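Chemist: Protein chains in written order, with numbering that gives the first Met the number 0: chain A, 0 to 250; chain B, 0 to 371.
In case anyone wonders, no lab produced these hints; they're calculated from the structure.
It cannot be assumed that every hint is accurate.
Quick list of in silico lysine to any residue cross-link-like pairs, SDA-like style, CA-CA up to 25 Å [stated by the list, open to error]: (1) A:Lys139 with B:Thr302; (2) B:Lys335 with A:Val225; (3) A:Lys80 with B:Leu140; (4) A:Lys222 with B:Thr92; (5) A:Lys58 with B:Lys139; (6) A:Lys139 with B:His244; (7) A:Lys80 with B:Ala159; (8) A:Lys80 with B:Met145; (9) A:Lys139 with B:Asn237; (10) B:Lys335 with A:Gln91; (11) A:Lys58 with B:Ile130; (12) B:Lys153 with A:Lys222; (13) B:Lys161 with A:Met140; (14) A:Lys222 with B:Asn93; (15) A:Lys58 with B:Gln129; (16) A:Lys24 with A:Arg219; (17) B:Lys161 with B:Met144; (18) B:Lys139 with B:Ile128; (19) B:Lys161 with A:Asn100; (20) A:Lys58 with B:Lys161; (21) A:Lys24 with A:Gly146; (22) B:Lys335 with A:Leu174; (23) A:Lys80 with B:Lys161; (24) B:Lys153 with A:Asn100; (25) B:Lys127 with B:Leu140; (26) A:Lys24 with B:Lys335; (27) B:Lys335 with A:Gly146; (28) A:Lys58 with B:Asp249.
Note that this is a predicted model, so its numbers are computed, not measured.
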Amino acid sequence: MTEQSEKIIQVKDLTGGYGDTVILKDITFDVYQGEVFIILGGSGCGKSTMLKFMIGLEKPFSGQVSIDGIEIVNASEADYKKALRSFGVMYQNGALFGSMNLMENICLVLEEFTNLPRDAMESIAQMRLNQVGLGNAADKMPSDLSGGMRKRAAIARSMALDPKILFLDEPSAGLDPITSAQMDELILQLSRTLKITFVVVTHELPSIFTVADRCIMLDRNVKTIVATGKPHELQANSDNSWVRQFFNREA
Amino acid sequence: MTDMDIQTTKEGALSITLPGRLDAACVAPYWSSTFRRLRQSKPSLLTLDASGLETVDGAGIAFLLSIQRWQTDARGRFEIVHLDPALRQLLQTNTLEGLVVRPPRKTSFRRVAEDTGRAGYSIVHDIKIQISFLGELGYKLISSMMLPQRIRWKDFFLLAEKAGADAINITALLGFLIGLILAFQSAVAMGQFGAEVYVADLIVLSMFKEMGPLITAFILASRSGSAYAAEIGTMKVNEELDALHTFGMDPVRFLVVPRVLALTATLPLLTLFNILAALFGAQAVMSLLGISPVVFWDRCRATADLVDLFGGLAKTLVFGYFIAAIGCLRGLYTGKGASAVGDSATRAVVTCIVMIVVVDGIFAVVYYYLGI
Ligand SMILES: Nc1ncnc2c1ncn2[C@@H]1O[C@H](COP(=O)(O)OP(=O)(O)O)[C@@H](O)[C@H]1O
Ligand SMILES: [Mg+2]
């Protein structure tokens, strides 16, 4: 699918970090419409940071990011607001609003951007919760949920405004293998049925092989991309032995 | 078991015979003596003889690696002879690369000077942040007022209930006790002149103008100011603020504006309760001293002046604004890590109290010139 479809995210010559510390340098890659794109790499190599640059939460030192045709890095407020409508984000630990139940969490977002009547909003929220398999947890508080449920609820919330792109930060980290497999299943299902483009940060091999169309691999020492491609190709014939080793670990 | 032995073999060369044991328990004295010797003689070739070496642990390996590193930095040669193959492998799998070299200790004068400078800089920086935040907040507050339907009134009422209604008990209790104490203290002094009845004047004046607003503001700073810092700080640590941001919701409009409005609205009302309770406290003492309630309240009414009362209440509007703003600011600037939220809450209370006193001082000067 990737060959014909268009580029929905473009990252070009991006270098950035915190303070004077460079965390990532010379990053260039594209994400195509409709694919599941994976950013992988060890802990602390800058995956979350990469995500923050892409969604405009942090500003890189140099380079460009465009999402759905909108320049993110130096966007005007109006352009950025427009870009925000095209994507949703699931943060590493969900970031659900702790003082509200799941239904209110989703309705809050709808309230902000639409002027639907309350029961329309609740129906949409309920539909989103059903989509992630949390149909009967609408009135639960985030603190009463397990880690996996919280992450799914966060996905439901990030889908509230029908985004074209979903960014997921470590959706299966800290989950048991079964829940983690369910998460992969959910990603695949949403990708097939709703044609959402996914950018997923992860380091779980099984999940990479299950969901990924393409991936890039970051490395903490060289601070840049060490491999790009389909996981099976990288496993078979990456020119970097360390990358081959990583992909063959489980096999 | 052999002990360590250091010898100069020939010109510029040093040979160290390693002891049988190099572990955490015994490496310390070797460490200092070896490095002292290395610094003195700066050998061009350093040979470690490991023939007697039997036990090595992490500390021992770190010792050997440190020597190696020292020698490399000094551009001398380094070799270990008669090393057991297993130990050699252990040594090779460990490395000291990336070890932070501690900068030389500064003299205490330089340290003090540097620390003072740094502290001064961070205070200035902090004040800059506060001023720009208060400015931003003022702007957003006004633009929110222009579009009142955009204000989150549901949050406002909940917050006002929490900061106001839930604090009535403690505010009234404290007011009552302060009134009691003030009346008792001043009655003792005034009693010497037979002027107990004028205690009422003193209580009314001091409570209306200073004590009432200040005490209530302090209560609110420690109850709500710290709570706001902790709430918003927790949201920050939980990435909830990031989530708000990527949903296009401005945290200032969304979290700070309702809180500022809530405290600005509730602080004057709480102050009224506080003052009223203080008068009752004072009346209780007066009754014990044999002055009838009728006389006491009559004196109060004679002294009580609306200008004083509203002068005091006007201050509390400003106090309320600052307490909420500073609490939220500290929350928004919460750092990373487990103790960050606690630090923010503490700093919120401290900054609030300083700010309250400063603002109170400014009001005193302004009122003086206005003749209030
Ligand atoms: N807000 C921050 N300020 C300073 N350094 C940070 C901040 N966030 C992350 N870092 C540093 O950036 C590096 C990459 O972090 P991160 O992107 O979270 O890694 P990953 O998500 O791949 O585990 C880490 O070394 C981390 O300490
Ligand atoms: Mg991360």
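Chemist: Which hint numbers doesn't this structure obey?
Modeler: The structure breaks hints 1, 2, 7, 12, 20, 21, 23; every other hint is satisfied.
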